[in-house]
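Protein chains: 2
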Amino acid sequence: MSIENDLINISKDKAFEKEGFKSLFGLTIEVEKEIILSIEKGKKKRLISLFQLLHPADQADMLERLSKNNLNLCLNLLGKKLELETLVFLDDEVKNEVIKIIGTSALIRALPELKTDDAVEILEELNESDRSIVIKKLPKTERMLVEEAFSFPEHSAGRLMQRDFLSFPEYWTVGQTIDHMRTTFYEEEKNFYSVFITDPAQRLLGELSLAKLLSNNRSTRLKDIMQFEFKSVNVNTDQEEVSLLFQQYGLVNIPVVDDEKRVLGVIIVDDIVDVITEEAEEDIFGLGGVRHGSIRSSIFETMKGRFSWLIINLITAIIASSVISLFQNEIEKIVALAVLMPIVASMGGNAGTQTVTVAVRAIATKQLNYVNLQKFVLRETWVGMLNGILFAFLSSLLAFTWFNDIQIALIMGVAMITNLLIAGILGTLIPLTLEKYKIDPAISSSVFLTTVTDVIGFFTFLGLAAWVIL
Amino acid sequence: MSIENDLINISKDKAFEKEGFKSLFGLTIEVEKEIILSIEKGKKKRLISLFQLLHPADQADMLERLSKNNLNLCLNLLGKKLELETLVFLDDEVKNEVIKIIGTSALIRALPELKTDDAVEILEELNESDRSIVIKKLPKTERMLVEEAFSFPEHSAGRLMQRDFLSFPEYWTVGQTIDHMRTTFYEEEKNFYSVFITDPAQRLLGELSLAKLLSNNRSTRLKDIMQFEFKSVNVNTDQEEVSLLFQQYGLVNIPVVDDEKRVLGVIIVDDIVDVITEEAEEDIFGLGGVRHGSIRSSIFETMKGRFSWLIINLITAIIASSVISLFQNEIEKIVALAVLMPIVASMGGNAGTQTVTVAVRAIATKQLNYVNLQKFVLRETWVGMLNGILFAFLSSLLAFTWFNDIQIALIMGVAMITNLLIAGILGTLIPLTLEKYKIDPAISSSVFLTTVTDVIGFFTFLGLAAWVIL
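Same order as they appear, the protein sequences are chains A and B. For what it's worth, the numbering used here labels the leading residue of the first sequence as 868, then goes sequentially. For what it's worth, the numbering used here labels the leading residue of the second sequence as 868, then goes sequentially.
Don't take each hint at face value.
Treat identical chains as interchangeable: a pair holds within one or across any two.
[To be verified] Result set (DSS-like, lysine-lysine): computed pairs, CA atoms no more than 27 Å apart in a straight line:
{"hint": "1", "residue 1": "1004", "residue 2": "1305"}
{"hint": "2", "residue 1": "900", "residue 2": "947"}
{"hint": "3", "residue 1": "935", "residue 2": "1242"}
{"hint": "4", "residue 1": "1303", "residue 2": "947"}
{"hint": "5", "residue 1": "911", "residue 2": "1242"}
{"hint": "6", "residue 1": "1098", "residue 2": "1004"}
{"hint": "7", "residue 1": "947", "residue 2": "1007"}
{"hint": "8", "residue 1": "911", "residue 2": "967"}
{"hint": "9", "residue 1": "948", "residue 2": "900"}
{"hint": "10", "residue 1": "1003", "residue 2": "1171"}
{"hint": "11", "residue 1": "900", "residue 2": "1098"}
{"hint": "12", "residue 1": "1305", "residue 2": "908"}
{"hint": "13", "residue 1": "900", "residue 2": "1200"}
{"hint": "14", "residue 1": "948", "residue 2": "1098"}
{"hint": "15", "residue 1": "1098", "residue 2": "982"}
{"hint": "16", "residue 1": "910", "residue 2": "1242"}
{"hint": "17", "residue 1": "1128", "residue 2": "1003"}
{"hint": "18", "residue 1": "1004", "residue 2": "947"}
{"hint": "19", "residue 1": "1090", "residue 2": "935"}
{"hint": "20", "residue 1": "1128", "residue 2": "1303"}
{"hint": "21", "residue 1": "1090", "residue 2": "1128"}
{"hint": "22", "residue 1": "1233", "residue 2": "900"}
{"hint": "23", "residue 1": "947", "residue 2": "908"}
{"hint": "24", "residue 1": "935", "residue 2": "1233"}
{"hint": "25", "residue 1": "910", "residue 2": "1128"}
Just so you know, these hints were derived from the structure itself, not from any lab.
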């Protein structure tokens, strides 16, 4: 293999230019295989040099893809060569495992090197007692900032924000500001995109992008070029709201302020991109009946996560079946009913799921509110009815050609309209009601819905048959 | 109402500070109601002043929430006062309607004021002939850039990129660079976050953040502080790949290069945030069987979109039912079979959907590849089998207590294991196979899957009953 020999001694920036390591995503299948090989053969030096070739985000991906056993081996081989920044990119589950393996003393050594928001993200994974041990050992300034972050609610802007930001008085000039940045940040790599203009009490007056700062003359005063219209968030705002602000206004950063409008920190878009992905994934997994969608979880963990959802579905299936059992006599006499009844139930379930999906997403993105609520419910009702009519016709035709019985055909049609209409109405009302009572509509809507469409589907179809035919 | 009288004459920045208009999202329900009122009463001046209070993104939201009729009225009342930037924030459906109403001449007037990527986004909505009419009328530079953008594939980095970027030779100093920016960008509002360092042929050598540029001395040469390790994308890269790069490495911008590594433009994170949301939504709607999830579509459009999915489901339901019809004699003799069979089918469908959801998401986020594929399929197989055993036990118990028949109970158990095991295996293989043949797994997986779990569920349960009992 050509990669085998020439990897160790090539410098970090050159390696990626070599054929075979040139990938859009850094961590190619070849590198992945090589790393696994070095772990299993215990080649410490080689493993370290391979890891150093990767961006911390790719190192994190690599750790996430290892089995529990290999993860342990890998971390032991890497030892202190593991870049702590990697932890920030890990998903919660693996982060937890890694922290357990490397221990709190490694954390104490490494945390002061990280930005406060990254340190907080890692500390959030520890249990209370371990966390307070680590926090106590931090240098004083770092400790105070971390402790303050933990005083804000979980998933709030306060937890997410970075404490380093640049703020200047409004009477400063562009030249003064640049000179100050030069003396303060020389040689340091920081990700700043705006400076904030504040009054003596640190209250926010305006915002100024670095690009604008750079394109104005040195003598210009900040107050003459700063932006008055800009968005800020309170430190207690939920991260979901913050992420909607970034999406709505295409922001790159947003200042975080306290109740007196004093700047406490800044949230940068790269942290929000994670939140957006997480929130969308929560909806996807919720609607699919999966609690944690990690493909890395062990068989047992996965099984446990799926089990609770399946048990709820078993109960709803039993409810639907007990509706069928009410009509055992009818089915015994006309077996065609048993053949056709799943069609009615399944069409209702699918139509309802369509409506639920749209409603859940519209709620999550705040598109649905009290002004357009009525219109939305009305539209779904109409769609349910019109598709109900179409599918009533189609399924009647089907039932008639199959069993050559006009009565069964008509009953099928009526049951189909009823079920699709109810699916449309409840597909909107169920998520809205759950949302009102602070239950996540993405997770719970579809259980309620399919229970109802199954029950209604079986009951109208079999009930009508019992009433009309027998 | 207190807002009624004092709105028109307050300036844009002051208005939001007034109680009642202070919302995290700008467009409050009060403002929305006020706007609808002014449209319906034809109050032109008031409507214009209300619109001017809103951020273009909020103006777009407002337009999206109007009925077709009100949208028409509103655009007529606004006339040339409609900020064209608003178009950029509209979703495709409404953008299309708005363009139809305001006409191509309004576009020709407004497009040169927009950034190229925004202009391209709007032009993409026009049909070929209208588009070429508009493009021909554009000023020369603008026209060339737009025409070039359309030469790149749809959804590629080339369509998404902004053509304004800053590139400098490596031997320039910080001072030279800043001075150049001052003379060139004075008074202009641009969103730049990095400058690119290029050779005389415009080939990319390095990247330098504005923050780093600002914190170095004027005499420092760019080549001494520029970043060598940075990401760039080829102009033909698909936007989904680009968005994964931003997510993976927490980027704020990325240079777009041609095959010779010459810089052509830059993609900024705010455009990618939209892509991330869109891609996640495609998965959500795909899995939910909805083609377009807009809550604004008309009843007829919505019905049409849902119909095609429901007709596919009708066909799969018929297939499942024809399996049942093979066993009509058995059901006639033991009606309990009709009562219990939906439980087996439904549990298989739900377990399979869980697996499909995880697989679809893992494929979309590139977590699943050829290295961990086998492990993933194996895990899902195990999970399917283990949950199969648990639910076989539970459902046997249920069947026995319900119908007091040990044979039916055992058959139920065997059918349940079989179906959950197959659901686990196919829940992984179906999306992977679809992906291989370039069919979107999010949209098509669940139809295939539930068809199979229904057929297997009914067939094993009823077939075993026919074989064992009768």
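Tested hints:
1. For a Cα distance limit of 27 Å, the shortest separation of residue 1004 from residue 1305 qualifies neither inside one copy, at 39 Å, nor across copies, at 53 Å.
2. Taking CA atoms no more than 27 Å apart as the test, residue 900 paired with residue 947 passes inside one copy only; the shortest distance there is 23 Å, against 60 Å between copies.
3. In this assembly of identical chains, residue 935 and residue 1242 lie within 27 Å of each other by CA distance solely across copies; the values are 13 Å between and 52 Å within a copy.
4. In this assembly of identical chains, residue 1303 and residue 947 lie within 27 Å of each other by CA distance neither inside one copy nor across copies; the values are 49 Å within and 41 Å between.
5. Only between protomers do residue 911 and residue 1242 lie at most 27 Å apart by alpha-carbon distance; the minimum there is 25 Å, versus 64 Å within a single protomer.
6. In this assembly of identical chains, residue 1098 and residue 1004 lie within 27 Å of each other by CA distance neither inside one copy nor across copies; the values are 37 Å within and 37 Å between.
7. In the homo-oligomer, the alpha carbons of residue 947 and residue 1007 lie at most 27 Å apart inside one protomer (24 Å), although the nearest pairing across protomers, at 59 Å, exceeds that limit.
8. In the homo-oligomer, the alpha carbons of residue 911 and residue 967 lie at most 27 Å apart inside one protomer (21 Å), although the nearest pairing across protomers, at 65 Å, exceeds that limit.
9. Proximity of residue 948 to residue 900 under the C-alpha cut-off of 27 Å is restricted to the intra-copy arrangement: shortest distance 20 Å within a copy versus 60 Å between copies.
10. Proximity of residue 1003 and residue 1171 under a CA criterion of 27 Å is satisfied in neither setting, with 36 Å inside one chain copy and 62 Å between copies.
11. Within a single copy, residue 900 and residue 1098 get their C-alpha atoms only as close as 46 Å, which misses the 27 Å cut-off; across copies the closest is 23 Å, which meets it.
12. Neither within a single protomer nor between protomers do residue 1305 and residue 908 lie at most 27 Å apart by alpha-carbon distance, with minima of 52 Å and 38 Å respectively.
13. Proximity of residue 900 to residue 1200 under the C-alpha cut-off of 27 Å is found in neither arrangement, the shortest distances being 63 Å within a copy and 59 Å between copies.
14. In the homo-oligomer, the alpha carbons of residue 948 and residue 1098 lie at most 27 Å apart only across protomers (24 Å), although the nearest pairing inside one protomer, at 41 Å, exceeds that limit.
15. Taking the shortest alpha-carbon separations for residue 1098 and residue 982, both the intra-copy value of 23 Å and the inter-copy value of 22 Å come in at or below 27 Å.
16. Proximity of residue 910 to residue 1242 under the C-alpha cut-off of 27 Å is restricted to the inter-copy arrangement: shortest distance 24 Å between copies versus 65 Å within a copy.
17. Proximity of residue 1128 and residue 1003 under a CA criterion of 27 Å is satisfied in neither setting, with 30 Å inside one chain copy and 50 Å between copies.
18. In this assembly of identical chains, the alpha carbons of residue 1004 and residue 947 lie at most 27 Å apart only when taken from the same copy (19 Å versus 63 Å across copies).
19. For the homomeric pair residue 1090 and residue 935, neither the shortest alpha-carbon distance inside one copy (56 Å) nor that between copies (44 Å) is at most 27 Å.
20. Within a single copy, residue 1128 and residue 1303 get their C-alpha atoms no closer than 30 Å, and across copies no closer than 53 Å, so neither meets the 27 Å cut-off.
21. Taking the closest pair of Cα atoms, residue 1090 and residue 1128 come within 27 Å of each other only inside a single copy of the chain (18 Å); across copies the shortest separation is 41 Å, beyond that limit.
22. Proximity of residue 1233 to residue 900 under the C-alpha cut-off of 27 Å is restricted to the inter-copy arrangement: shortest distance 16 Å between copies versus 44 Å within a copy.
23. Only within a single protomer do residue 947 and residue 908 lie at most 27 Å apart by alpha-carbon distance; the minimum there is 20 Å, versus 71 Å between protomers.
24. Proximity of residue 935 and residue 1233 under a CA criterion of 27 Å is satisfied inter-copy only: 21 Å between copies versus 40 Å inside one chain copy.
25. Taking the closest pair of Cα atoms, residue 910 and residue 1128 never come within 27 Å of each other, the shortest separation being 55 Å inside a single copy and 36 Å across copies.
Consistency note: the structure conflicts with the earlier hints numbered 1, 4, 6, 10, 12, 13, 17, 19, 20, 25.
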